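Trainee: Using the hints, position chain G against chain C.
Sequence lines, in order, name chains C and G.
If you're matching positions, the first sequence starts at 1 in the numbering used here and goes up one per residue.
If you're matching positions, the second sequence starts at 115 in the numbering used here and goes up one per residue.
It is worth saying that the hints were derived from the structure and are not from the lab.
Treat the hints with care, since some could be wrong.
[As the list claims (entries may be wrong)] The calculated DSSO-like cross-link candidates involving lysine-lysine, where the alpha carbons are at most 30 Å apart (straight line), are:
{"no.": "1", "chain 1": "G", "residue 1": "117", "chain 2": "G", "residue 2": "183"}
{"no.": "2", "chain 1": "G", "residue 1": "117", "chain 2": "G", "residue 2": "166"}
{"no.": "3", "chain 1": "C", "residue 1": "57", "chain 2": "G", "residue 2": "183"}
{"no.": "4", "chain 1": "G", "residue 1": "183", "chain 2": "C", "residue 2": "1"}
{"no.": "5", "chain 1": "G", "residue 1": "166", "chain 2": "G", "residue 2": "183"}
{"no.": "6", "chain 1": "G", "residue 1": "117", "chain 2": "C", "residue 2": "57"}
{"no.": "7", "chain 1": "C", "residue 1": "13", "chain 2": "C", "residue 2": "57"}
{"no.": "8", "chain 1": "G", "residue 1": "117", "chain 2": "C", "residue 2": "102"}
{"no.": "9", "chain 1": "C", "residue 1": "102", "chain 2": "C", "residue 2": "13"}
{"no.": "10", "chain 1": "C", "residue 1": "102", "chain 2": "C", "residue 2": "1"}
{"no.": "11", "chain 1": "G", "residue 1": "183", "chain 2": "C", "residue 2": "102"}
{"no.": "12", "chain 1": "C", "residue 1": "102", "chain 2": "C", "residue 2": "57"}
{"no.": "13", "chain 1": "G", "residue 1": "166", "chain 2": "C", "residue 2": "57"}
Nothing here was measured: the structure is a model prediction, and the numbers come from that model.
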Amino acid sequence: KAGVTQTPRYLIKTRGQQVTLSCSPISGHRSVSWYQQTPGQGLQFLFEYFSETQRNKGNFPGRFSGRQFSNSRSEMNVSTLELGDSALYLCASSLSGQSAEKLFFGSGTQLSVL
Amino acid sequence: DAKTTQPPSMDCAEGRAANLPCNHSTISGNEYVYWYRQIHSQGPQYIIHGLKNNETNEMASLIITEDRKSSTLILPHATLRDTAVYYCIVRPTGNQFYFGTGTSLTVIP
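The shape of chain C in the complex, shown without the other chains:
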């Protein structure tokens, strides 16, 4: 069974641009969540989607948004990029988000904002 797949692996953008990151969860998984990891703030939760609906949202500005498609694939978008948005963005999936379920992470997309 394929794991969580994130594309692209590396991305370089300039300030003010927007970016879209893609995540394909493990087959059968309907819950997809996104995390941002920076050296200063560590791993921080962005949002979670389940059955195409946002179920939870972390403390990030509205420039960060996401969506989930009917096949459970998810995208996250960051508009008006800032230097501080440079980070490793991680996607994770589980069957439905229940407490007893394992959460599986992808390898991440390393975003650099110049």
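Mentor: Same frame as chain C, but now just chain G:
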């Protein structure tokens, strides 16, 4: 959500058992304890999880105290490839994990 406290760093000799402690004194009765590890710039890797009973799998053992306020992850025979940051997480329903700062484990040859 329950938060966790872990020592920032630990060393372990190769071939010896690595015992990583975690405090989670505000854990609720239905919240699981999960352990993940992360090697630099890779996604966190699942290790083990448990609710009340001790658990063991091919990677590690998890010991949870009777009052569930703390736990210990045990890597029975540490290798150099076990050098990583280890995160103890109390998981609520949903996938909004709070990772904390974790423990940086260094396995020494």
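Trainee: Hint by hint, note whether the structure agrees.
Mentor: Evaluation of the provided hints:
1. G:117 x G:183: holds, 11 Å
2. G:117 x G:166: Cα-Cα ~17 Å, so holds.
3. C:57 x G:183: holds, 27 Å
4. G:183 x C:1: The given pair, whose Cα atoms are some 36 Å apart, is violated under the 30 Å limit.
5. G:166 x G:183: holds, 10 Å
6. G:117 x C:57: Holds - the C-alpha atoms of residue 57 of chain C and residue 117 of chain G are around 18 Å apart, at most 30 Å.
7. C:13 x C:57: holds, 25 Å
8. G:117 x C:102: Status holds; Cα separation ~19 Å.
9. C:102 x C:13: Answer violated: residue 102 of chain C to residue 13 of chain C is near 33 Å, above 30 Å.
10. C:102 x C:1: holds, 15 Å
11. G:183 x C:102: holds, 21 Å
12. C:102 x C:57: It holds: about 20 Å lies between the C-alpha atoms, which stays within 30 Å.
13. G:166 x C:57: Since the Cα atoms of residue 166 of chain G and residue 57 of chain C sit roughly 29 Å apart, the hinted pair holds (cutoff 30 Å).
The structure does not agree with the numbered hints 4 and 9 stated previously, though it agrees with the rest.
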